[in-house]
Structures are given as C-alpha cells and as structure tokens.
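Chains A and B, in that order, are what the protein sequence lines are.
Position 226 of the first sequence, counted from 1, bears residue number 226 in the working numbering, the numbering being contiguous throughout.
Position 42 of the second sequence, counted from 1, bears residue number 1042 in the working numbering, the numbering being contiguous throughout.
The hints are simulated quantities; they were obtained by calculation from the structure and are not laboratory data.
Be aware that one or more of the hints could be misleading.
[Unchecked claim] Taking lysine to aspartate or glutamate pairs in the DMTMM-like style, the calculated list, with each CA pair at most 25 Å apart, reads: (1) A:Lys134 / A:Glu123; (2) B:Lys1202 / A:Glu123; (3) A:Lys157 / A:Asp106; (4) B:Lys1287 / A:Glu161.
[Said to hold, decoys possible] Selected chain A positions facing chain B (in silico; Cβ < 8 Å): (5) Thr76; (6) Ile125; (7) Ala156; (8) Pro159; (9) Ser195; (10) Gln199; (11) Leu201; (12) Met205; (13) Leu207; (14) Gln208; (15) Leu211; (16) His227.
Backbone N, C-alpha and C define an ideal beta-carbon position, used for all residues, glycine too.
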Amino acid sequence: MPEFVQIDGLKRYFDVSAPWLVRKLENRPRQIVQAVDGVDITIAKGETFSLVGESGCGKSTVARLVVGLYPPTAGTIAFDGHDMSQRRGGTETSALRRRLQMIFQDPYASLNPRWRVFDIIAEPIRAFGLAKDKADLRKQVEDLLRQVRLTPADGAKFPHEFSGGQRQRISIARALASRPEFLVCDEPTSALDVSVQAQILNLMMDLQRRLQLTYLFISHNLAVVYHISTRVGVMYLGRVVEQAPTETLFRRPKHPYTRMLLDTIPDLEMTGRQRTPVGGEVPSPINPPSGCTFHPRCPFANDRCKVERPKALPAEDGTVACHGIEEGRIPVEERSYSLDRAQPARS
Amino acid sequence: MATNNPPLLEVKNLRVEFPTRRGTLLAVDNVSFEISPGEVLGVVGESGAGKSLTGNAIIGLLEPPGRIAAGEIRLEGRRIDNLPYEEMRKVRGARIGAIFQDPLTSLNPLYSVGRQLVETIQTHKPLSTAQARARALELLKEVGIPGAEHRIDHYPHQFSGGMRQRVVIALALCAGPRLIVADEPTTALDVSIQAQIIALLKRLCREHQTAVMLVTHDMGVIAETADRVAVMYAGRIAEIGPVRDVIKHAQHPYTKGLMGSIPHLGERGERLTQIEGSMPRLTEIPKGCAFNPRCTFRGERCLVDRPELMAAGASRAACWLHDARGVGVPVVREPASA
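With these hints in hand, go ahead and build the complete structure from the sequences.
Put into structure tokens, the structure is as follows:
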C-alpha cells in the first residue's frame, strides 16, 4: 500500500552560472547547486515528520518541492497515491492541491499587507469554491479565526495591527481554510520569541489532534523537533543522512553528523555537560566533497568515505547513510537526557 | 565568581527614552546592575524588552532620538554616560569592545580584514604598521582562524559566517578591552558554529579576565556561558541572579513561564507551558507591574504598585510575591481575547 506521502529520489538542481556571454568571454564553467540530491522520505498519515539540518542543507527546498512551488529536477512525489508531477486536468490538480497547504517562516512577509485578515483567510475558500454563499463564507472564516484563538472581530483588521505570533496564527488559519490533510511548515516558529513559539507549537499540536493533520515540519531547532515530531530526518548537503523515529534518533543517534548536531543542543539543565564544538563548517553545495559529503568534518572518516557515496541502509527502525555504521566501525552509544525521570519510559 | 572585587561596570537607575511625536517612549526604565572583572553577565528577554538598548547605552551608541534620560554608567569607577563624543570614542574600543549580531554588517566590505585590524590597533595603541600587523596576525590565530597568515589579506565576503564572527571578535579584542558587550553574537549562526563561538568567547574572557555583557534571547546560550543572568521584561529587570538559580529556581512568574516555554529534550508531545498574550508595546505598558496582564499570580497590589527588585531566594526579583505584604487579594485574569 502506498504511504500517504512518498518521496523517491527527489533532486533539485539550481543553475547559478554567470550569464552566457560572461561564461564564454571568461571561459567559466556552468555552476550547478545540488540543493536537493536524492531524497527518499515516506510520511504516514497523522504523523509529524521533521527535517532538520543547518542552513544550506536543502531542507526548505524539499518543503517547496513538496508543495509544488518548484518542479523537481528528478524523482517523484506521490501524495495519497497520486504522482504530483504528472500533468492532469485543472479540476483534478486543484482537488489534490486543496489537500496540502504550507505555512511559511516569516509571518511579516507571507501575508498581503493590503488585504484585511478576513480576505486573506477567505481566499483559499473562494479559490476552491468551498463556501455555499456569503453567509457560509463568513461563518467559515470566523470559525477558523476562533480555531487559532483569535476573535471574529480580528477579521476586519490588517496584518500590521498584529504581533508576530498573532500573524503566524493568521497564516495557520489561512492554511487550514481549504481543509487540508497535509501541512508543510517551513520553520514556522523560528522568527518568534520563545514564549510565543510555545503558544504556536501548542496550537499546532492541538490542531493536529483535532483535525488529524499530517505535518512535514522543517526546522533547525532540535529541541523543537524533538518536542513535536513522530519521525525525524537529518539532512546534510542535500541528502538525508539519517532518518528514524524521534526516540531512536535522539537516544541512539548513528550518523556522526546527527551526533554532532545533538552535541550542539544547549544544555539548559546545567548538568555541566559541555558542548563539544565540532570543527569546520558546511561546505558549499556547488562543489560538494566527494564520496560521503560529511567526510571532511567526520572524526571516523577513512579512505572509503572519501570516494564512495554511502547508501541509506536500514539500521534499527530507521535508515542511515554511513559506511562506518554499515561496517560496524562506529559504536552506537545510548544517550540519556536529564528530564527522563519526569517521564515514564516509552516503548 | 569574583563578587568581592569592586565592580568593573556599574549601571545605576538607567533610563533610556525615545521622544516621538506621540509622546516619550520609555524603553529602558530604572535598570541597575553591576559586572565584576572576568564575569559574564547574561541579559535575556524577548524582542522589545530593552536588552539591546541597555547594551547600546553602555557603549554610547544609542541611535538618536534615543537618549539616556537619567541614571549613571560607571566603568572602573569613572562615569562614561556623559562623556563628550570624542572622549567616548576613546573609551569605546580601548576599554569596551563590542560584538554585534550580524558579522557581515560590522565589517567594512571594501577593506581586507588585516587592514581593518591594523587600523583599529593603531587607533588605540602606538604601534608601527608592521608591529600592528604582527599583533593582528596573533589575534586571528587566537580566535582560531585556520591559515591566518594567508587569510589576513582576505576580504570579509571571502569568509563564512562563523569565520566572520571570529574576525569581529578579534576586532573587539584589539586594544585589550576590560569589558565586551556582545549583542546576540550567535543568533545569525548555525548551531554547530554557535557552539564554537561560545567556546571561544568563554576561553578568551577567562584568559584575559575580560568581563562580558552577553545580550541574547537564547536561554541555552546563557545557561552555558553566563555566571549571572538578568531577565528583562518591558524595559525593566524582572529578575537577576546567579545563572543556576534563575534557571532552576526562577522566582519571577515571567521567568518561570519563559523557562517552561522552552522545549526540552526528554519531554515529548506534552504541551509546553505557555504565557498567554505577548509583551506590551512601549506605548501601552500597563500600570503597576508591567507583567500583570499575563500573570497567573497577580493580586490587587500588582495592578497599582510597581515592584522594584527585592531579595527572592538566591536572586533578586521584581515581584510582590516576594514582599512581606504579598500581592493582596488575587485578581482573576480575564480570559485571553478569544
């Protein structure tokens, strides 16, 4: 049976070459950024799948590919068994599109400043013809506003009258307007203060429970990801290096990059654990390193890692793309987190 | 930490105002704190809490029309808030170093980093260009730039974000300052680079006995770096104390809420504690305690009287809960606007 969302061999390259004439005159080659370079992900209905990684790893590009803002260079995205890249008639496409929506990072840039909140939220309802008449439209928008804990009276205001957190609520209401089943959230809380971030995360979890939503959640904040995800994929230079259920990934991380990322989470429990700063930075995706792209920063790298690109192989209940894990060279350690005692063990 | 030494920096009843057409905005209100030599004071708060303005007031870089309306800032016992511009310029750089959030905008894109370092060193120290260059090279090595001999002649755009921030730190250290004001030094960086920069900052201030005022919104950075922390809310200090006490035994309801709203590892899928509402705009700061509309513990007294910092556990908090008379009759918060 096909998964709810199935992404196979997804690639997206961007041409960032200089203009043709400059290239010819200065004898420069074409330059291609391999923003997403072979990503396979499946997302089950009702779960929250998170993609984490540092800036430039391609996680936002994946989000944009999934909702169709970019066409893929190669690979397929299937949503509920329908291949999204296939051309179909207008009504069929729009019926599919209605079922997936996106929430963007910057609530200041993603709302039209000249539209009233009512019209912003009503737009998807109008576009998909989901309201019977004006009264029905008004009722739907008011319900949506209440769902995100705003008041129906807020519909008459303009976006600039709201704070960042309230604007993100408006974005969520707009995304929910077409009654989607799948929401792609690209860093929805990273522009917000922590206390507001908590409000938005709580709201997203409540909505998921109430409306049986499926989330693809993009973030660079591992604590947030741990908090809300069912499964997590770690991206590095356009590839998913490890994916696993959240508990497995945080308790028994396997890929050296995942371990490095986990080591960088600030320690709020004051256990005295020192972050181990890892040397080096993410290389440019224009000229990614050969073999395993992480090898220049990896403490376990050997000659094989420099030449052969590792495949994602099953490991425990997830997949890992690492030669060291495959060969059993790298021991897997159990990690514990200090808040465990407050939490009954999960199976 | 070195709490018995005389303070290096003393801020007393600082008040920063912004005169606007619609009246004067009070952005920093009656803020007092001290920093000892070699100490790291973290200043946290959400956007608009006045934490960056406090930092800017200390380095004398308040943007007009913002101005210091009252209070004193003393560095090594000498008053620096009323110095003429040229005098302040000498203090800034020589005695106080500054690190800002975005390393690209704090460097001049037209000059190589070496030239910028040499210029700064020569401004503050009587060294020949060759000597200054040798010192610049030393600094670049000290902040961990690989291949410094060769990188010194590169331009800012040739460095990555993390490396640029290292150059900015080297610039701040040029004249051997006693105090560094670091305003969100790691916010623009990726997590793995963030850890590197924090480790670097900590090592440098330990080695040079430099005091640091670390302004950030990231409690994680504070927890790892700071000795003491001041939590700011709506232009005032809500709580100040040793970092361990503030994080583990927060005394002010705002600090408690703030700590609860940070997602932790180890508690998954639970609701986060949330503080309803958001910080008031500077134009509409409520009467009494500025936090009272969002506070679950508020009483009658909180609506009228503004609390000052008072002893609370090992810290000091501006909350009537810690006063002998308490908050008075509890006032139930009207449900949030929905």
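How the hints compare with the structure:
1. A:Lys134 / A:Glu123: holds (13 Å)
2. B:Lys1202 / A:Glu123: violated (51 Å)
3. A:Lys157 / A:Asp106: The hint holds at about 19 Å.
4. B:Lys1287 / A:Glu161: holds (22 Å)
5. Thr76: violated (31 Å)
6. Ile125: Because about 21 Å separates Ile125 of chain A from the closest Cβ in chain B, which is outside the 8 Å limit, the hint is violated.
7. Ala156: Result: violated, 14 Å to nearest chain B Cβ.
8. Pro159: violated (15 Å)
9. Ser195: This interface hint holds because 5 Å falls under the 8 Å limit.
10. Gln199: Holds, about 5 Å.
11. Leu201: Hint holds; Leu201 of chain A Cβ to chain B Cβ min 6 Å, cut 8 Å.
12. Met205: holds (7 Å)
13. Leu207: Not OK, violated: Leu207 of chain A not within 8 Å of chain B, min 13 Å.
14. Gln208: violated (10 Å)
15. Leu211: violated (17 Å)
16. His227: holds (4 Å)
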